[in-house]
Amino acid sequence: MATVLERPAAPEATGERRGRGRGGRLAARYVVLTILALIFISPLIFMFVTSFKTRQEATAVPPSWIPDDPTLGAYRAILDAEGTPVLRWFANSMIAAAANAALVVATAAMAAYPLARMDFRFKRVVFALIIGTLFVPPVILIIPNYLIVGELQWLDTLWAVIVPTAASAFGVFFLRQFFLSLPNELEEAALLDGANKWQIFSRVILPLSRPALVTLALLAFLTNWNDFLWPVYVLFSPETQTLPPGLSTLQSANNVRYDLIMAGAVIASAPVLALFVFAQRFVIEGVSRSGLKG
Amino acid sequence: MSTPTRPTEREVAAPAPAADRLQASTARRSRSGRRTSWATPWLFLLPYLVLFGTFVLAPIVYGVWISLHDYDYTLPGKPWVGLRNYTNLFDSESVTAGPFWDGMKATAIFTVFSVPLLLVVPLAVAVVMNQRFRGRNLFRAVYFAPYVLGVAVIGVLWRFLLDRNIGIVNHYLGVVGLPDDIPWLTSVPEAWVALVGVTVWWTLGFNAVIYLAGLQDIPNELYEAAKVDGANAWQRFRNVTLPGLRPVTSFVTMVTIIASVNMFGQSYLMTLGQPGTDTRTAIYAITETGLRNFRMGDAAAMSYVLTLVLMLLSLAVFWLFRERKS
Chain Z
1 MATVLERPAA
11 PEATGERRGR
21 GRGGRLAARY
31 VVLTILALIF
41 ISPLIFMFVT
51 SFKTRQEATA
61 VPPSWIPDDP
71 TLGAYRAILD
81 AEGTPVLRWF
91 ANSMIAAAAN
101 AALVVATAAM
111 AAYPLARMDF
121 RFKRVVFALI
131 IGTLFVPPVI
141 LIIPNYLIVG
151 ELQWLDTLWA
161 VIVPTAASAF
171 GVFFLRQFFL
181 SLPNELEEAA
191 LLDGANKWQI
201 FSRVILPLSR
211 PALVTLALLA
221 FLTNWNDFLW
231 PVYVLFSPET
241 QTLPPGLSTL
251 QSANNVRYDL
261 IMAGAVIASA
271 PVLALFVFAQ
281 RFVIEGVSRS
291 GLKG
Chain B
1 MSTPTRPTER
11 EVAAPAPAAD
21 RLQASTARRS
31 RSGRRTSWAT
41 PWLFLLPYLV
51 LFGTFVLAPI
61 VYGVWISLHD
71 YDYTLPGKPW
81 VGLRNYTNLF
91 DSESVTAGPF
101 WDGMKATAIF
111 TVFSVPLLLV
121 VPLAVAVVMN
131 QRFRGRNLFR
141 AVYFAPYVLG
151 VAVIGVLWRF
161 LLDRNIGIVN
171 HYLGVVGLPD
181 DIPWLTSVPE
191 AWVALVGVTV
201 WWTLGFNAVI
211 YLAGLQDIPN
221 ELYEAAKVDG
231 ANAWQRFRNV
241 TLPGLRPVTS
251 FVTMVTIIAS
261 VNMFGQSYLM
271 TLGQPGTDTR
281 TAIYAITETG
291 LRNFRMGDAA
301 AMSYVLTLVL
311 MLLSLAVFWL
321 FRERKS
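Each protein sequence line maps, in turn, to chains Z and B. Counting in my numbering, the first sequence runs from 1 upward without gaps. Counting in my numbering, the second sequence runs from 1 upward without gaps.
Simulated from the structure, these hints should not be mistaken for laboratory data. Owing to the predicted nature of the structure, the values given are computational and were not obtained by experimental measurement. Backbone N, C-alpha and C fix where the C-beta goes; we use that ideal spot for every residue, glycine too. One or more of the hints may lead you astray.
As the list claims (entries may be wrong) - Simulated DEER-style distance windows between Cβ atoms:
#1 B:Glu221 with Z:Arg29: 24 to 32 Å
#2 B:Val112 with Z:Leu72: 39 to 47 Å
#3 Z:Ala195 with B:Phe133: 44 to 52 Å
#4 B:Asp91 with Z:Ala91: 30 to 38 Å
#5 B:Trp65 with Z:Ser237: 26 to 34 Å
Just chain Z, with the same shape it has in the complex (with noise of 0.2 Å):
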């Protein structure tokens, strides 16, 4: 009966008391709404489209949308480059990315699972310890963690950017979340067949939280790629840094090569925007998840 009475409020049928207009106002909605797409995301293909322009064309008034004379110099130029190994750069990004993210991971997931599925002294205080700082804003620990990662000689090396970052508190916020709803009955089988706790931590728990779990990678992933502020302060020379503070080389040292800096910027974004094409729903879920459970 419900049903039946919600169908007819439902919004598509509003357009269809007036008849014929229909049609029409959705042809005329998908038009506006595409030509604010398109505007929308037209600086990401005007930085796309320059990447492939000649150093005269990139700069030339008025601009061009599809390059008279498409190249790959500007790639090769700055692939190449003495001062700024954009190669480099691009391997020290995915490394640190990669392994941050996998830190993240592993640590968060271990420090989960206890704060979801095990009683001990103390685990409140721990717990509100750590989502406390979800709180800190993190200027404060800018600073001092400069002087720490400068103590332990990582100043100038991949580690500066790879472990302080490492300890998530919205990661353990978010697998514990996930954790607690797990159902028992896998956990308790495995207990009566004797496995202990890391057993059924790394057999049943993990498997079973795979999308969580490929989430806050992909999360973790995506902001140590684009991590600019800290990165910036801690790699200084040219092989060390990763893209983002690469990039902001790549702007010094040739202001008026916009060719250049956007094969630069292409390159940078190239790789998040592939995992975001092919993740889409993952991050975009895994972000709402983290704000409306915050």
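We have chain Z; now place chain B onto it with these hints.
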């Protein structure tokens, strides 16, 4: 230690009828929890806690200690100066007060203009994207895409697009008959329009996705009821959507304020802090003081003052949203 209880468990588990299984399983879980050694949970927590202690907890305390010293990284002596780094910030004669408060002012300007836009525009996007139409997911992805890119890409891209002479923004403004010579990056207030505009473009997808999740949690029955009562679309938005989104909105407000107060990369890359140091934000001032000039005591003190301001702001937001509820 664990063996004695196990036979009893088996006995209980085997004959338990399906209906009782849920209860029995809860009982067994707490018992199995007691059986484990006290060290087990801590071994699981250890790797995380080492990282957490070293790079989160210790720095919070260490930062206070640094802020109480004349901590020049490049010099051997780091004498204790008590609260002088803090009092200097409030003494217009000192060298640190000027840059810091200029940065705070820039941050305040940016926050005041970007936060309202980042509350309203993403809401509009979310409301549109919440309707049912084909290709909706593609449009959602388009609006979210810029957010996936880092501030470095955004910064160098828009420095190019907003270039006074060769930038396409001025070019197209000229094409539609508007002034085509606007100094977007080198003069205020134009630079603020650029920084706020780019930030809104870049991050609106993030807020829109959170709103979208909130919209989907509003029960459809409420809209049906409002329709039955004869409410029009605007009235339904005012009386159903907005109240339903209140918890989400308070979260979005908080996150957006925090992000705006932490603005750094956009002005570092797009305007280079220009004109003069007008668009140099608080974080920019702190990192330059601490990590460029190595005056870490001053920078640490600045970061705690900024944090205090941020906390007061958060409390105000919290209070604002709670007040309206009752």
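Against the structure, the hints come out as follows:
For B:Glu221 and Z:Arg29, the Cβ-Cβ distance of about 27 Å falls inside the hinted range of 24 to 32 Å, so the restraint holds. About 45 Å separates the C-beta atoms of B:Val112 and Z:Leu72, a value consistent with the hinted range of 39 to 47 Å. For Z:Ala195 and B:Phe133, the Cβ-Cβ distance of about 50 Å falls inside the hinted range of 44 to 52 Å, so the restraint holds. For the pair B:Asp91 and Z:Ala91, the supplied restraint of 30 to 38 Å is violated, since their beta-carbon distance comes to about 48 Å.
For the pair B:Trp65 and Z:Ser237, the beta carbons lie near 30 Å from each other, so the given range of 26 to 34 Å is met.
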